[in-house]
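Residue numbers (the working numbering), protein chains in the order written: chain X, 39 to 127; chain D, 52 to 604.
It cannot be assumed that every hint is accurate.
[To be verified] Chain D is faced by these chain X residues, among others (derived, beta-carbon under 10 Å):
1) Ala62
2) Thr79
3) Ala85
4) Glu86
Keep in mind that the hints were calculated from the coordinates and are not lab data. All figures in this text were calculated on a predicted structure; none of them were measured in a lab. The C-beta atom is built at its ideal place from N, Cα and C for all residues, glycine as well.
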Amino acid sequence: MTPEALPEAVIAEARVAPGHDGDAELVVWVRYGNGGLDSVTLDAAAAERLLARCRVQDLDGLRGQPWRQLMHVLDAAQGADIMIEGGDG
Amino acid sequence: MDLIIRRGRIVDGSGLPAFVGDIGIADGRIQRVGGRIEATGAREIDATGLVVAPGFIDPHTHFDVQLLWDGQARPALEHGVTTVVPGNCSLSLAPLKAEHRPRLVGMFQQIEEMPDAAFDGAFAWTWEDFGGYLDALRGKLGVNVAPLVGHSVIRLWVMGDAATERAANTEELQAMQQLLRACLAAGAVGLSTSFVDVDEKLMPVPSRYAHAEELEALAAVLGEFGRMLQVVPEFYNTDITLARVDQLAELSMRYGIPTTFSPLFDSAATPDNVPRVMARVHEQMARGARVWPQVQTRPIDISFTFDQASLLFAVLPSWYMTMRLPREQKRAALQDPAHLERLLADAEPGGDPSRWARVRVRGGVSDASLVGQTLGEIAAARGSTPARVMIELSLENDLGACFLAAKLGHDDIDRVGRLLADPMVHVGASDGGAHIQSFATYGDTGYLFDAFVRQGGHLSLEAAVKKITADPAQIWGLPDRGLLHAGYAADLTLFDPERIGRDEEVMAHDMPEGGMRYVRHGKGIDTVIVGGAVAWSAAEGYTEARTGAVVHG
Numbered sequence: 039m040t041p042e043a044l045p046e047a048v049i050a051e052a053r054v055a056p057g058h059d060g061d062a063e064l065v066v067w068v069r070y071g072n073g074g075l076d077s078v079t080l081d082a083a084a085a086e087r088l089l090a091r092c093r094v095q096d097l098d099g100l101r102g103q104p105w106r107q108l109m110h111v112l113d114a115a116q117g118a119d120i121m122i123e124g125g126d127g
Numbered sequence: 052m053d054l055i056i057r058r059g060r061i062v063d064g065s066g067l068p069a070f071v072g073d074i075g076i077a078d079g080r081i082q083r084v085g086g087r088i089e090a091t092g093a094r095e096i097d098a099t100g101l102v103v104a105p106g107f108i109d110p111h112t113h114f115d116v117q118l119l120w121d122g123q124a125r126p127a128l129e130h131g132v133t134t135v136v137p138g139n140c141s142l143s144l145a146p147l148k149a150e151h152r153p154r155l156v157g158m159f160q161q162i163e164e165m166p167d168a169a170f171d172g173a174f175a176w177t178w179e180d181f182g183g184y185l186d187a188l189r190g191k192l193g194v195n196v197a198p199l200v201g202h203s204v205i206r207l208w209v210m211g212d213a214a215t216e217r218a219a220n221t222e223e224l225q226a227m228q229q230l231l232r233a234c235l236a237a238g239a240v241g242l243s244t245s246f247v248d249v250d251e252k253l254m255p256v257p258s259r260y261a262h263a264e265e266l267e268a269l270a271a272v273l274g275e276f277g278r279m280l281q282v283v284p285e286f287y288n289t290d291i292t293l294a295r296v297d298q299l300a301e302l303s304m305r306y307g308i309p310t311t312f313s314p315l316f317d318s319a320a321t322p323d324n325v326p327r328v329m330a331r332v333h334e335q336m337a338r339g340a341r342v343w344p345q346v347q348t349r350p351i352d353i354s355f356t357f358d359q360a361s362l363l364f365a366v367l368p369s370w371y372m373t374m375r376l377p378r379e380q381k382r383a384a385l386q387d388p389a390h391l392e393r394l395l396a397d398a399e400p401g402g403d404p405s406r407w408a409r410v411r412v413r414g415g416v417s418d419a420s421l422v423g424q425t426l427g428e429i430a431a432a433r434g435s436t437p438a439r440v441m442i443e444l445s446l447e448n449d450l451g452a453c454f455l456a457a458k459l460g461h462d463d464i465d466r467v468g469r470l471l472a473d474p475m476v477h478v479g480a481s482d483g484g485a486h487i488q489s490f491a492t493y494g495d496t497g498y499l500f501d502a503f504v505r506q507g508g509h510l511s512l513e514a515a516v517k518k519i520t521a522d523p524a525q526i527w528g529l530p531d532r533g534l535l536h537a538g539y540a541a542d543l544t545l546f547d548p549e550r551i552g553r554d555e556e557v558m559a560h561d562m563p564e565g566g567m568r569y570v571r572h573g574k575g576i577d578t579v580i581v582g583g584a585v586a587w588s589a590a591e592g593y594t595e596a597r598t599g600a601v602v603h604g
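Okay, chain D solo, but in the shape it has when bound (with noise of 0.2 Å):
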């Protein structure tokens, strides 16, 4: 054996109850589970009292330009996730003319936050169709990635700047049809589409500009192949979410193929949103079709400066008055005293300072010891309190201090966790690799542990581990991954089920050219190993081995 993993709890994925045994594993792949193995492996890891599961599947990143110069989706490694799924909302780097590279690189700065140095240097354009681009990460990988290709990237090439003016032709119906045969052939497991997302001049995608039969043409092709719809729909409406299950449903049903739409989440400004989409999913189900919408496990943060008007400050007239001010207008009302006092009496009704208290500081300060501390935290140092303070922290720093409102929607862990509960419900939407400059999107899996099944008690342990392996493996067609079975990839996740989290949201400068992004590291994770090799771990860190694969679907 060329590893042996001893005296671990085996949660192999399935939902059964865990227990304990050995794991050996050889060429890459699961030789044997539980018992004891006898023979001696070349490597051994005493996993007692840890869990050993199977890698964790993350269905939903945008890691598509990261990958190309960090093969190992950093930091999703080291929170246990083995394989990504990037090419979601439409955008995939693949297939894509030399001439429409500045139109994407656009679309993906706007997705992405990505800088312009990663784009500049940090790869080389060695490719135009699909099976170009898994040639650009063979070899890199140290996880596994299984690529979507884009209904926006299918369009440009087909249609080029007609993709955003018109609806396609019957030609070109055709052609897109050909160009996703061709890209599914060479190992995309889906196809992306997006009703919602954007390009840097906030105009539609090309996917918004398709008509349904295009969509329908497109499905055609992935029941010839039996793989993976995804779709953004207009998530911030019910009844069109509503209409777009029934369309995914009868393309599924049509077609033969799974779909999935994201994000779906709870928010207490539209209550009745989750329980009537997750209604409609159960009616589409018992039909028959496969509708799985992808539900995030992490609270939403918003993040804001004095700079812009943040909505957050629309629940208090004299502040989002004041906000709404240009620029030196502003400064100068922050700067007045009575202007000031009135700010403070609408903050701090009755001198109540909890409304801000919590609101941590999250970059944009001189002062980087201030970084990460609450705003009642400073008050308290300052003999200030914290409206006054983030004012003053605001003027200090030419209005560039960025606050942060932690867990203010999706945040009701009693609501959310029955929904993660619901066995129609997927674990997705992380959006890792994306949104890179405003919120971390990592650390979704250990937080499902944390606040699911150790604070909240809505899924067991098992249940939890089913939810991120052979749930997303079965759902996405991923053949051999997901379970702890016996020739099986040997993708494994050993965690300390007491610890597993997610650490505090913290700044990184480990873009290209020093380019800054929000992470979280792991907490808990002991061991990753992806494809037969540690890739990962608390001891060492992140390995040389390249282990990761191209999974096709």
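Next up, chain X with everything else stripped away, as it sits in the complex (with noise of 0.2 Å):
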């Protein structure tokens, strides 16, 4: 299947998980077309330009939102260098 024909990445889910400097981030996982998942983690000012760009009040609300979503929220984060690694499930 050539990568135009495969669906496109969206957000799998969303949970809360504690951070290295002591405060609360967000770990999205992300499934790929091929069925692979991966996670980026988002700290509370980038999850919620998050809620806000995909309209929803709830972490339930980010399932099946386009993986393009989060892009948009890193280009904004300033200074983050948060990246999306595909991987192979």
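Since each chain sits alone in its own frame, please combine them into the complex, following the hints.
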């Protein structure tokens, strides 16, 4: 199957997790077109931007949102160096 | 003999079984270990019932600034730590040109949360070069210091403002190599770098602008000295961390250097992170690379106030929406009876108060007697519920009441215990001296014995001692440290194996000009000896001994 034919990656789940620095963080799991899963971690500000951009009020609402929403949120994160890496399951 | 320790249970750091005997010390060195010493010492300590171990080594601290006015690195010393490694995460206080001091202060304040007063009058900036910083420490030290030099400050020295704008050119690379060479010759035990840290404006620190070629050039200089490369990888993403493990392995093999990365911690949100990273570490170690993951012993606590929208509330939509309101609207919503009832119904479904009952008040309240109490305890006293009390306290204190949800991550004793017992795991990442206004970074060594020797049984007493003495000394190439052997430096910690642990986190105002930080005091430590002199004891507290040394790699 060509990459173009694969379904678009979507947010599979978002979970609150403890951060190394003592703040709560949001771990967002992305399911790729080939079924692979990988995660990115957002701080509180980026998580808020994600909810706002997706126009949802809670974490459950993030399920199924296109991965591009994350890209926009991360682009807006000054100084953040969070990248999306493809995983193969 | 200057000092004889009698009848102690000697755990010598090697991992071999404990044995009972005497230890003789003279001229700052261990002279004899084991058996009965017939001679009389100028001072003698009866260690009956106590473990006598090498002093503990903490390889990941940010005591760089504090050491300038507190050469004992309080309270690390009272936890049995006799050697600290500052200068981690790409930041050290030298080499640093005078014109760059304000920029570095900003970076340090972001990481250490050190108040302005600490930089304004608590010490004099008498140095620019690395050797000058070490000279400023010498004579003041009650603890040994094995300092790293930071990649960010090396960049700043050579490139100035361009350090946070672009990659280095060939001339700048050569200048950085020269500068690193000088720092290592002056006594740095290695180089630290970071792919994660930010400054006070949340902009990347200088090391993050380096290309791979720059790190390679600096690793080549480390190879001339056989010194350590410490790295903060993108620990929030497993795949990138794996790539960094591979990168470090290549540098280690090519230049014959040890490398270490931190932090690596376990979380229920990313349960495959540790297994995947450790599998790659084992693979690379089997090839002959030296890539040591640093793992902290303590669980991760989360603190929060109602002033900010902590993600802790994201699992409760009504709460999270309320917390994200502008301040005055938030106050109004919390005082609205109908809205309050909705919040309480979500927070304590079916009247179940368990979710918030164990959360503690850690500060920011006018009634100081509440600090340290759980919301469950306060609720019981008030005839209320934990969630309602949390809201009441926040409103009573202008949303400044600060709460602590303990053990939310890296808290599965069995998973963490098995990880710590892995021979490829380096106990570290304490961050001692950092995050001082967020949480206490002290007592990880005591917690190791409490949680993973006594409670979990994942390590023997001897193995746990080795993890924080001989292992770090060997990994970091610290000569004459980490073992109780004749001729070694006389750094020793005497402790009660049934009591050693960490005390509760408390607020202290012992920073310059009364600045606040969180600390934990030691538990079960009896005596700490640095360079042959008693530096701290349960009976005397901190002593006047300043026998700490700058430990060269």
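Quick rundown of the hints versus the structure:
Nearest Cβ of chain D to the Cβ of Ala62/X: about 4 Å, under the 10 Å cut. The hint holds. Interface hint at Thr79/X: satisfied, since its Cβ lies 4 Å from the closest Cβ of chain D, which is below the 10 Å cut-off. Interface hint at Ala85/X: satisfied, since its Cβ lies 6 Å from the closest Cβ of chain D, which is below the 10 Å cut-off. At its closest, the beta carbon of Glu86/X sits 6 Å from a beta carbon of chain D; the interface hint therefore holds under the 10 Å criterion.
Of the hints listed earlier, there is not a single one the structure fails to meet.
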